[in-house]
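2 protein chains.
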Amino acid sequence: MSSTALLTDRYELTMLETAIASGLAEVPATFEVFARSLGGRGFGVVGGTGRLAEALRAFRFDDEIVRWLVDERVIGSPTARYLEHFRFSGSIAAYPDGELYFPGSPILRVDAPFGEGLLIETLILSILNFDTAVATAAARLRLAAGTATLIEMGSRRVHERAAVAAARAAWIAGFDSTSNLAAGQRYGVPTGGTMGHALVLAHPSERAAFEAQAAVIGSSTTALVDTYDIGHGIRQAIEAFGTDLAAIRIDSGNPFVEVRRARTLLDELGATKTRILISGDLDEGLVRRLVAEPVDGFGVGTKVVTGGGVPTAQLVYKLVAVERNGVAEPVAKLSANKETSGGRKAGYRRLRNHRIVEEFSIDPAVTVEPTDDSTLMALEVPVMVEGDILDPESAAQSRQRLADRLPTLGEDLDAILDATEPLFVCHHLGPSLPRSGHGQHDQ
Amino acid sequence: MSSTALLTDRYELTMLETAIASGLAEVPATFEVFARSLGGRGFGVVGGTGRLAEALRAFRFDDEIVRWLVDERVIGSPTARYLEHFRFSGSIAAYPDGELYFPGSPILRVDAPFGEGLLIETLILSILNFDTAVATAAARLRLAAGTATLIEMGSRRVHERAAVAAARAAWIAGFDSTSNLAAGQRYGVPTGGTMGHALVLAHPSERAAFEAQAAVIGSSTTALVDTYDIGHGIRQAIEAFGTDLAAIRIDSGNPFVEVRRARTLLDELGATKTRILISGDLDEGLVRRLVAEPVDGFGVGTKVVTGGGVPTAQLVYKLVAVERNGVAEPVAKLSANKETSGGRKAGYRRLRNHRIVEEFSIDPAVTVEPTDDSTLMALEVPVMVEGDILDPESAAQSRQRLADRLPTLGEDLDAILDATEPLFVCHHLGPSLPRSGHGQHDQ
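Taken in sequence, the protein lines are chains A and B.
With the first letter of the first sequence counted as 1, position 443 gets the number 443 in full-length UniProt numbering; the numbers rise by one all the way through.
With the first letter of the second sequence counted as 1, position 129 gets the number 129 in full-length UniProt numbering; the numbers rise by one all the way through.
Derived by calculation from the structure, the hints in this document are not laboratory data.
There may be inaccurate statements among the hints.
Simulated coverage check for chain A against chain B, where a stretch passes if three residues somewhere in it have a Cβ under 8 Å from a Cβ of chain B [what the hints assert, rightly or not]:
hint: 1; segment: 125-137
hint: 2; segment: 285-292
hint: 3; segment: 328-334
With beta-carbon atoms standing in for the labels, derived distance ranges [unchecked claim]:
hint: 4; chain 1: B; residue 1: Ala365; chain 2: A; residue 2: Asn337; range: 24 to 34 Å
hint: 5; chain 1: A; residue 1: Arg324; chain 2: B; residue 2: Gly218; range: 53 to 63 Å
hint: 6; chain 1: A; residue 1: Ala336; chain 2: B; residue 2: Gly218; range: 40 to 50 Å
hint: 7; chain 1: B; residue 1: Gly387; chain 2: A; residue 2: Gly309; range: 37 to 47 Å
hint: 8; chain 1: A; residue 1: Trp68; chain 2: B; residue 2: Asp63; range: 50 to 60 Å
hint: 9; chain 1: A; residue 1: Trp68; chain 2: B; residue 2: Gly326; range: 28 to 38 Å
hint: 10; chain 1: A; residue 1: Glu84; chain 2: B; residue 2: Asp63; range: 31 to 41 Å
hint: 11; chain 1: A; residue 1: Ala336; chain 2: B; residue 2: Asp296; range: 13 to 23 Å
hint: 12; chain 1: A; residue 1: Asp281; chain 2: B; residue 2: Asp414; range: 26 to 36 Å
hint: 13; chain 1: B; residue 1: Pro204; chain 2: A; residue 2: Ser3; range: 28 to 38 Å
hint: 14; chain 1: B; residue 1: Lys273; chain 2: A; residue 2: Arg73; range: 15 to 25 Å
hint: 15; chain 1: B; residue 1: Ala365; chain 2: A; residue 2: Thr272; range: 44 to 54 Å
hint: 16; chain 1: A; residue 1: Ser3; chain 2: B; residue 2: Gly218; range: 23 to 33 Å
hint: 17; chain 1: B; residue 1: Asp414; chain 2: A; residue 2: Glu323; range: 49 to 59 Å
For each residue, glycine too, the CB sits at the ideal point set by N, CA and C.
Next comes chain A alone, as it looks inside the complex (with noise of 0.2 Å):
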């Protein structure tokens, strides 16, 4: 992986020279990762920490980039000598992918010195904002698709890169494949696919397409029938691939009408196996009304790799403490609608009967435990101790933990999918800052 540190915004560096030159740079310092909104969602699913470690890893200034920033009058020479010798050393704890999340959730915390918090804002921000943003979207679409089978098939949708992030992160999510290769070649995502309209087209009919297709592959696969009409494409391809074939796709026209169709159609045909797969624009409240049709699977696109309509997940990074006089002082702004909680955090999830109660945030050095029959869970993994980064899990893992959390969230599918507000908030248990912060200390 080619360099990760300039995927950073001016503005970090900038402050690091300020920072640089007033002696904070190696003050200890907290930063935290944390969502004011859900963007009228009821829960939110944590993507990206899986891929944070190899993005640190590569966060490096080379002498290629340490000169271009002092070219572009970037940085002077203190930053400079600073960056040269540049190696992340403090620690990270963070919400697992797969992992559930609310407003106020500390979903990552940075303990490092002041300039080192600085610089990695931007790099996780992103990583973090995208992938949640497409876990959020294909869990819903999980919940809605009841046990078909989900394919994501968005990547010609999303940037090139983003397309393979997106493709893991709907697989923890609950998705069954992905029509991306990388991300079944760097991720261990299952790929799937078999053939688009252009395979038709190219062959002198239709029949001959599904007759080379079923030459290569036999029937184990599945026919696109929708290039030209669909009854007639649903005749072709059992003639072709004979009442074995696995599935059908339909791509275009009106869903609730053509999967009814096709499904009379392929039983009179004797084909009363064959699956049928829809995928065309599909998005979270299509696949909800589709699941009491015979349906058995869904290829969905874009409204999973750009988030369902949250294209982004508004995870904001802030500075949360600041060591002064030996002690970590809690710090908060006091912005008109974007107040922040000072402090220190780590998230627990407090459970009954195996449904969550209420989730929390508290200092971490606090001891905490259950003072009830409920359970408490604790929320944050390690993902660098000191410097020194972590392995992390495998997206198999993070996906048998949303697995696991999203019955938690509880029965009723509706109101979970229904809410427009969060389902909880994590509360912080902490001394509360006095409200006039320290910009009145100026006056």
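Following the hints, put chain B in place on chain A, whose structure we already have.
For chain B alone, kept in the frame of chain A given last:
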């Protein structure tokens, strides 16, 4: 750049298997990228064609990739042998970055053996769909912002590599700078950025933070004044930097109220030349209304890098011709609401008095000339010629193109931005396909 070959949907390789077996892989074919819809807008702006050259150069199947594909049973031996020696041998022509487009515009044309044309579909669409979505949103923001400064600062809200492409696309579309350093290094986009709330919070007081910044950078900077109380912050900033302070930034609160208050206060303090920049969840609608206020510049994040409500350009890649008996025969699918228009096409635009009159596509082999006092503009430029990848123009050249093009849409800015239907549709001038298509040959 690492190989881009697996940034591909699996079905391209499955289709290639069939095409190799049926002899179609080597048959000359033409594929086309176009949009059916502009997502409820009047015009689109092409982005991403300038990134294709680099991506295509890296589209190579090395031994490791081929082995993985075989091990995963994506492909068999004949396809493995084909890929080992794969080098794209076709030609690609495209609307360059910064060109306007409309539904039906033949944005990109691939003339290549069928098997080769299949393989690059996903990569091309990923690049064009993302970059075009950002370029279009950014161009609309540019029109909305008038002469005010526009700063792209959305890197933290999209995938870390997508952020670099987004910064490039936004700059081509008329933004003045980006926060993203990698876009500066790689594409020459001007970068900017001064301070965030963390710097203020880390210092013992707001005044101390401004003084530290002033000591390092002087007054040619932007002070972020809303960490605590905006009026207080402005007074502290002018005291620390002096009345020569270049700019203040306000990132919270009601901008309609705050910018007027800020202007009055700055003028009272004698900082009459200090500019006011605002940021924080700005979108096209807010920018259009805020240009009437005393705002000198806008920092836009989420709403430009995620496409301003249209996060993907919905461009598709379709087979439009395939050689049969030595002749390039047009092909088209008839799927409900997803019909395509067959035949090779190149795009032309007719202008009169520097305004667009119409856009049309026609067989590139046909010579077209204006028949009246209008000007005819050929829209496509070569990207690859028979396997040779051409160097793309610079982002600065693309930026100049769009600056020249935007006035050709007309003078009524409100009508252009308020349009919910395309202002033009690219008509195809050519022999129309029989509506029956090839599917009916089967019966």
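**Request:** Provide an ascending list of the numbers of those earlier hints which the structure does not satisfy.
**Result:** Of the numbered hints given earlier, those the structure breaks are 2, 4, 5, 6, 8, 9, listed in rising order.
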